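Q: Sequence:
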Amino acid sequence: IDNLDYMLMDDATFCRNLQNDLRNPNRIIREGDRYAYDYRLTRLRATLHAVADIPISGTHLIVGGRISAEQTSRRGYYEKELFTGNASYGTSRRLLLVPYRLYASWNVIHGAHNFSAHATVAGTSPEAEELFLQPQYNNRMVNDIGLSTSLLAEARYAYHHGRVDVIVSAYAAMCLNEMSTMRYYDDIAGLYCDVVASNIDRLSFGIEAAAKVRYNWQRSSTFSMMLGHHSYISDARMRLYADADNIVVANTTSYIAGRHMATPSITLTGDVAYRTRNGWRLAAEVQYFGLRYVEPSLARRTERILSYAISTEERNAMLSQQRLRDAVNVGINVSRRFRLSNGNALWLQLSADNLLNSHVPYGGYEPSRVRRITVNGCTLLRPFDDKLTYAYPLTLRLAASYRF
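Under our numbering, the sequence shown has 164 at position 10, and the numbering climbs by one with no breaks.
Be a bit skeptical, because a hint or two may be false.
With a straight-line cut-off of 20 Å between C-alpha atoms, the simulated EDC-like cross-links for lysine to aspartate or glutamate are [stated by the list, open to error]:
1) 366 x 319
2) 541 x 439
3) 541 x 341
4) 541 x 480
5) 366 x 480
6) 366 x 425
No lab work stands behind these hints: they were computed from the structure. Fair warning: this is a prediction, and the values are worked out from it, not measured in the lab.
The task is simple: from the sequences and hints, build the whole structure.
A: What follows is the structure, encoded as structure tokens:
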């Protein structure tokens, strides 16, 4: 096969720049050869850790931290015709960041009761792929790269007894100044664009609880509950670059503040298990997921998209976020352990998931593209329907394992 970018064949803008390896034009690729683009993404990191364990009157205080020197670069082994010279070939500029993490944990045990708390502040570097407009064939790094800041805190209580174990925790997590690099077709500009979203701020807080109850040696139950709030707390900045030449197409704002993340706000689970002396075990489980939303699109909520709305209803249609139906899942599990000679064991397990055969959405996201509608010379934009995935119907699984 010719080492050409066939994705550009029918595009009037790109069709003159098809060579994936301009320094070896029209090279024939055979089995075992490197096709398309050949590059290396490198991240080097040196880290210094320090931890102190301080006993204080029967309690433990652990204080620790780490600081790193982190260098990221890209080296292109092919010169792509779309980005000639050092734009795709050779080594990109080297980016040096200094991520860090500071944390403190406190723990005290008083009989069957355990109290603990944890706090963390961290500066985290973006993933290496997020630092380039198009890491597959472009040496161009994004602008205004910096660390995102995470503030995390958790308080936890645990109770352990012969028949009951209980754990309750409250948490809060704030992630500030995150960034994300996306690629999609922009319907207003009529171009494929590399999009850098920055100033993404998220907040999560809630409570989690779990308990295990042992009624006797045969019967037991476990329960869990998670109640939380997960949302974006500020609008994001968006910069769009043309994928063909890195020219800035637009600087805009995404009105994402107040939208929910796709994490369920309510999760409840419970199961009952029964076991026999000869190795049989039967368990039934119920799960409930509530207050779920599709993952919001940063691109659909930009100022340049919303400016086409000619009424409050149209603007709200772009800003609204679909809530998914609550989901209930019922499952059952039957297993048997066979003890063999010399300490060997055979384990057979049959499970059935979604016994109710419920047709509920498993998750979803909002498309980045919008529909363009022209009426009497006026251009209107409408959001596409959300993309949903659905839970599998009744599903049976059989598993066997052998231990020796």
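Q: Under the constraints set out in the numbered hints, which ones does this structure not fulfil?
A: The structure conflicts with hints 2 and 5, although it agrees with all the remaining ones.
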